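J.: Here is how the chains run, residue by residue.
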Amino acid sequence: MSSDTETDTLPTPEQIDRVVIRFAGDSGDGMQLAGSQFTASSAMFGNDLATLPNFPAEIRAPAGTVAGVSSFQVHIADWDILTPGDRPDCLIAMNPAALMANIDDLKPGALIIVNTDSFDERNFAKAGYEKNPLKDQSLRGFHVLTAPMEELTKKALVGTGVKGRAVLRSKNFFALGLMSWMYSRPLESVEEWITGKFGADSPVAAANSAALRAGYNYGITTEEFHHTFEVRPASLPEGEYTNVTGNAALAWGLIAGARAANLPLFLGSYPITPATSILEELAKQKHFGVKTFQAEDEIAAVGTAVGAAFAGSLAATTTSGPGLALKSESISLAFMMELPLIVIDVQRAGPSTGMPTRVEQSDLLFAMYGRHGEAPLPVVAAATPADAFSAAIEAARIATKYMTPVILLSDGYVANSSEPWLIPDVADLPKFPVTFASKPNDGDQFLAYIRDPETMARPWAIPGTPGLEHRLGGLEKQNRTGAVAYDGANHQLMTELRAAKIEAIRKDIPPITVHGDADAKILVLGWGSTFGAIRAGVLNARREHGLSVAHAQIRHLNPLPPDLGEIMEGREVVLIPELNAGQLSKLIRAEYLVDAVSLSKMEGDPFKSGEIEDKLVEICRGLNS
Amino acid sequence: MTIEVKDYARSDFQSAQEVRWCPGCGDYTILATVQSFLADMGIARENHVFISGIGCSSRFPYYVNTYGMHSIHGRAPAIASGVSSANPDLTVWVITGDGDGLSIGGNHLIHALRRNVNLKILLFNNQIYGLTKGQYSPTSELGKKTKTSPMGSIDYPFNPVSLALGAEATFVARTIDMDRKHMAEVLAATAEHRGTSFVEIYQNCNVFNDKAFIELTSRETRDDNRVYLEHGKPIVFGPDNEYGIRIGELGAEIVEVSAVGIDAIQVHNAKDPEPGVAFALSRLSRGPHGPTPLGIFRDVDRAVYEDLMAGHIKQAQELRGTGDLAALLRSGGSWTAEQEAGSSS
Chain A
1 MSSDTETDTL PTPEQIDRVV IRFAGDSGDG MQLAGSQFTA SSAMFGNDLA TLPNFPAEIR
61 APAGTVAGVS SFQVHIADWD ILTPGDRPDC LIAMNPAALM ANIDDLKPGA LIIVNTDSFD
121 ERNFAKAGYE KNPLKDQSLR GFHVLTAPME ELTKKALVGT GVKGRAVLRS KNFFALGLMS
181 WMYSRPLESV EEWITGKFGA DSPVAAANSA ALRAGYNYGI TTEEFHHTFE VRPASLPEGE
241 YTNVTGNAAL AWGLIAGARA ANLPLFLGSY PITPATSILE ELAKQKHFGV KTFQAEDEIA
301 AVGTAVGAAF AGSLAATTTS GPGLALKSES ISLAFMMELP LIVIDVQRAG PSTGMPTRVE
361 QSDLLFAMYG RHGEAPLPVV AAATPADAFS AAIEAARIAT KYMTPVILLS DGYVANSSEP
421 WLIPDVADLP KFPVTFASKP NDGDQFLAYI RDPETMARPW AIPGTPGLEH RLGGLEKQNR
481 TGAVAYDGAN HQLMTELRAA KIEAIRKDIP PITVHGDADA KILVLGWGST FGAIRAGVLN
541 ARREHGLSVA HAQIRHLNPL PPDLGEIMEG REVVLIPELN AGQLSKLIRA EYLVDAVSLS
601 KMEGDPFKSG EIEDKLVEIC RGLNS
Chain B
1 MTIEVKDYAR SDFQSAQEVR WCPGCGDYTI LATVQSFLAD MGIARENHVF ISGIGCSSRF
61 PYYVNTYGMH SIHGRAPAIA SGVSSANPDL TVWVITGDGD GLSIGGNHLI HALRRNVNLK
121 ILLFNNQIYG LTKGQYSPTS ELGKKTKTSP MGSIDYPFNP VSLALGAEAT FVARTIDMDR
181 KHMAEVLAAT AEHRGTSFVE IYQNCNVFND KAFIELTSRE TRDDNRVYLE HGKPIVFGPD
241 NEYGIRIGEL GAEIVEVSAV GIDAIQVHNA KDPEPGVAFA LSRLSRGPHG PTPLGIFRDV
301 DRAVYEDLMA GHIKQAQELR GTGDLAALLR SGGSWTAEQE AGSSS
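Sequence order for the protein chains is A and B.
Those letters in the first sequence? Residues 1 to 625, per the working numbering, in order.
Those letters in the second sequence? Residues 1 to 345, per the working numbering, in order.
Be aware that one or more of the hints could be misleading.
Partial list, computed: chain B residues near chain A (C-beta under 10 Å) [claimed, not checked]:
| # | residue |
| --- | --- |
| 1 | Gly-42 |
| 2 | Glu-46 |
| 3 | Tyr-62 |
| 4 | Gly-74 |
| 5 | Pro-77 |
| 6 | Gly-82 |
| 7 | Ala-86 |
| 8 | His-111 |
| 9 | Ala-112 |
| 10 | Met-178 |
| 11 | His-182 |
| 12 | Ala-189 |
| 13 | His-193 |
| 14 | Ser-285 |
| 15 | Gln-317 |
| 16 | Arg-330 |
To give an idea of the chain B side of the interface with chain A (calculated C-beta under 8 Å), a few residues [unchecked claim]:
| # | residue |
| --- | --- |
| 17 | Arg-45 |
| 18 | Ile-79 |
| 19 | Ser-334 |
| 20 | Thr-336 |
Just so you know, these hints were derived from the structure itself, not from any lab.
What you are looking at is a predicted structure, and each value in this text was computed from that prediction instead of being measured.
C-beta: ideal position from N, C-alpha, C; glycine also.
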């Protein structure tokens, strides 16, 4: 770590088993970077962790205002954790607005570290403080530590070659260095990252490293900061781990899915928050033979993917709610033509532009039903950042096996947060190689709509194959031949065949895992990114309140898993927490006539585990009274 | 790519689907010309893909016995871009119309043109919505009375060739349904062009917009009005080539050859890297009324989208080797948890 000579005089860190830290500052202050680098060094140290980035939709909202505050929360622990933490134990506030925006979320007695250089009258006014909060009694009950981070960063950067206003850009590294000291994090991984990012010889690298070390050393030399903490490595199952965000995992899962199907990967996409980084990640992986096509709009994006699917690629398109709406017509075309296509919707708070950087699960019913005509589609959901990898592979499996578009639902929380992931052995990943049609299937003719007796999938014959020339299209198809057909009886038959094919996927869905007390009267049923909060809330309800609760998280939303009815049977309460107005609840009522209790949240944030726990306690009180 | 191509007849490119355009529709001649051309083109039948959108013209792929897709309104250039990007060995055609390509699909059209995707786009311009039975289209002339413009259209029309040149398409041509020989020549030139070929085909809709191109087709007026563009030759026209085109400061103008001398007449240069003169030529007529250029306005080389895409993959693989999934999963750094490590709580 730092200079060994001083070791004797340094304080021994207090051992803690977990801590929730939130880095907060102006959106130009580099808090996402500071937080994610703190996370990376914690991951390398071997902690379990979960993160929650939170940033305004504006690239540069008015500086110094509460609207412009950007934050990054990380929960690190020496045990298996499920959420980024309900309430921070420590807040680092780079300006008064960051303090104002976050103070109400903190635990009583939390540690607050402030950059005093920005605590001036101008910034108080912008943040909405009438007077200096450090000098009145408003922070009573918190432990406040201060550092003039801008002055100290300026001094540290003398001689690095970085001058003028650019100096202040390194202050996030000062904050990161100070926090690394406070929580006994090694600096090596951050320094490696700086060198890799900016180049060993660049003045920016020198400046950032100098600021990082200055922050760390300020902690060592300033007695105020001598109460330090350490979170030991977690006892995770043996193996090799990486820290992965949901969007990276989705991108890698698409690459893995294409390999499993033995197909080239094609992504047609248009940038949209919070899905863009999937396109960015895949654009970097061209050496895998990945083709990325940044289209002129959402419709063209899915259009290129439909074309690539016809030509024999594993084709995907990535988007968020507004883009899914624009793609709807093309998805129906792919459904009609029965071509495989993966449509990834990284959901955000809507409708319309809504809150692009905030999480919601409100596209579920749109994914289920948002098409013209009778057009049921398989829908799968990713539960955690790491789970997104296998969700993408599963989407590829269903799409290619059943010749259908598949909608994969993720959301802004899964997309941007991260967790340690036990890296799977590539050799153990599923394999489902695709066989294209290569010869006539009806005498000497090729008929594009003769179905596989088991999967009901039609053959996939790609352009370039001699003798199988055929035309697809949006017009209704005659059964078996695929010729244009307008007669009513055929349309009814084809509508039913298409629906039956999707329904038949149900028997190909693995059984649901039930966590907690399998026979409990209360079942909490979730889908997607609520997994961690529900799991932790149920654990706490059982541990702290002695409640008997079962929990199941659904990956396959259409068709629903074959054993779901059985799992809900005999429960007194089925509680469905969702980041929407109760969309899965409606589906469950419609499909199973189960009087589910909806716990609905639409605040743009994930559930806190405490919210699930409180609801369970309330339900139990009701059952017992 | 060398492929063994058998001798095809036009009938090899005729599908079993019954052709259902109105009797007398200009689409029939275009279909016959394209099918004949395909038989002579020297490309294996299975390597042709015809993609269309919605509209009368977009029924075209059903009638051509190759791979094809009758897709949705306006999206054919996007879908075709996906087909061609995924498999650049294919010969990908887009069949569209003035409504499909310039109205609902205008955005995809201009972006395909600027990217220079290797597509052959045939835009059948009949200046009317035919399939929906006679509403004004984005190429209908101002004042045109239709069911949705009973007092005359107030929409200023696109000039498709000007639009394509403005989008810096690398191959831009115009031909007409009644001139099969000329159409075949233009198609032959698209076969030689790599990148997007854009061909506007004036197509008569005898039911909803009959005689829209009469000035170019009637025996009495066609010689006065067809201005054939031939690369490397002075642009002259008229029954006795007595008229010519001169490019002046104000654009293209019609002059009498005898008055200005043949040396003053513009020599057509389809290979001009700048699209300015071609654009000036495209402004000569509208409607079209009066002398109207037909032929290849522009035929230049520019990097082809699929080649650039393939080049990046090749470059990335030379630099980093072919992708290693196990390494990718560790690209963000990794650490090993030992069995004994950490304290349990």
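J.: Does each hint hold? Answer for all of them.
T.: We went through each hint and held it up to the structure:
1. This hint is violated: Gly-42(B) has a C-beta 16 Å from the nearest C-beta of chain A, more than the 10 Å allowed.
2. At a threshold of 10 Å, the smallest CB-CB gap from Glu-46(B) to chain A is about 5 Å, leaving the interface hint in force.
3. At about 5 Å, the closest approach between the beta carbon of Tyr-62(B) and any beta carbon in chain A falls short of 10 Å, and the interface hint on this residue holds.
4. Interface restraint check for Gly-74(B): the shortest CB-CB distance to chain A comes to about 8 Å, inside 10 Å, so the restraint holds.
5. The criterion of a C-beta within 10 Å of any C-beta in chain A is met by Pro-77(B), whose closest approach is roughly 8 Å, and the hint holds.
6. Because the smallest distance between the Cβ of Gly-82(B) and any Cβ of chain A comes to about 3 Å, under 10 Å, the interface hint for this residue holds.
7. Interface restraint check for Ala-86(B): the shortest CB-CB distance to chain A comes to about 4 Å, inside 10 Å, so the restraint holds.
8. Checking His-111(B) against chain A: minimum C-beta separation of about 4 Å stays under 10 Å; hint holds.
9. Hint status for Ala-112(B): holds, given a least beta-carbon distance of 9 Å to chain A, under 10 Å.
10. A hinted interface residue such as Met-178(B) counts as satisfied when its beta carbon comes closer than 10 Å to some beta carbon of chain A; here the least separation is about 28 Å, so the hint is violated.
11. Using the Cβ-Cβ criterion of 10 Å, the hint placing His-182(B) at the interface with chain A is not satisfied: the shortest such distance is roughly 28 Å.
12. At its closest, the beta carbon of Ala-189(B) sits 24 Å from a beta carbon of chain A; the interface hint therefore is violated under the 10 Å criterion.
13. The interface hint given for His-193(B) is violated, since its Cβ lies 20 Å from the closest Cβ of chain A, which is over the 10 Å cut-off.
14. With a least beta-carbon distance of about 30 Å to chain A, the hint placing Ser-285(B) at the interface is violated under the 10 Å criterion.
15. A hinted interface residue such as Gln-317(B) counts as satisfied when its beta carbon comes closer than 10 Å to some beta carbon of chain A; here the least separation is about 5 Å, so the hint holds.
16. The interface hint given for Arg-330(B) is met, as the beta carbon of that residue sits about 6 Å from the closest beta carbon of chain A, less than 10 Å.
17. Interface hint status for Arg-45(B): upheld, as the beta-carbon distance to the closest one in chain A is roughly 6 Å, under 8 Å.
18. Taking 8 Å as the C-beta contact cut-off toward chain A, the hint placing Ile-79(B) at the interface holds, the least distance being around 4 Å.
19. Taking 8 Å as the C-beta contact cut-off toward chain A, the hint placing Ser-334(B) at the interface holds, the least distance being around 4 Å.
20. With its C-beta approaching chain A no nearer than about 5 Å, Thr-336(B) sits inside the 8 Å limit, and its interface hint holds.
Violation of the numbered hints given earlier is confined to hints 1, 10, 11, 12, 13 and 14; the remaining hints are satisfied by the structure.
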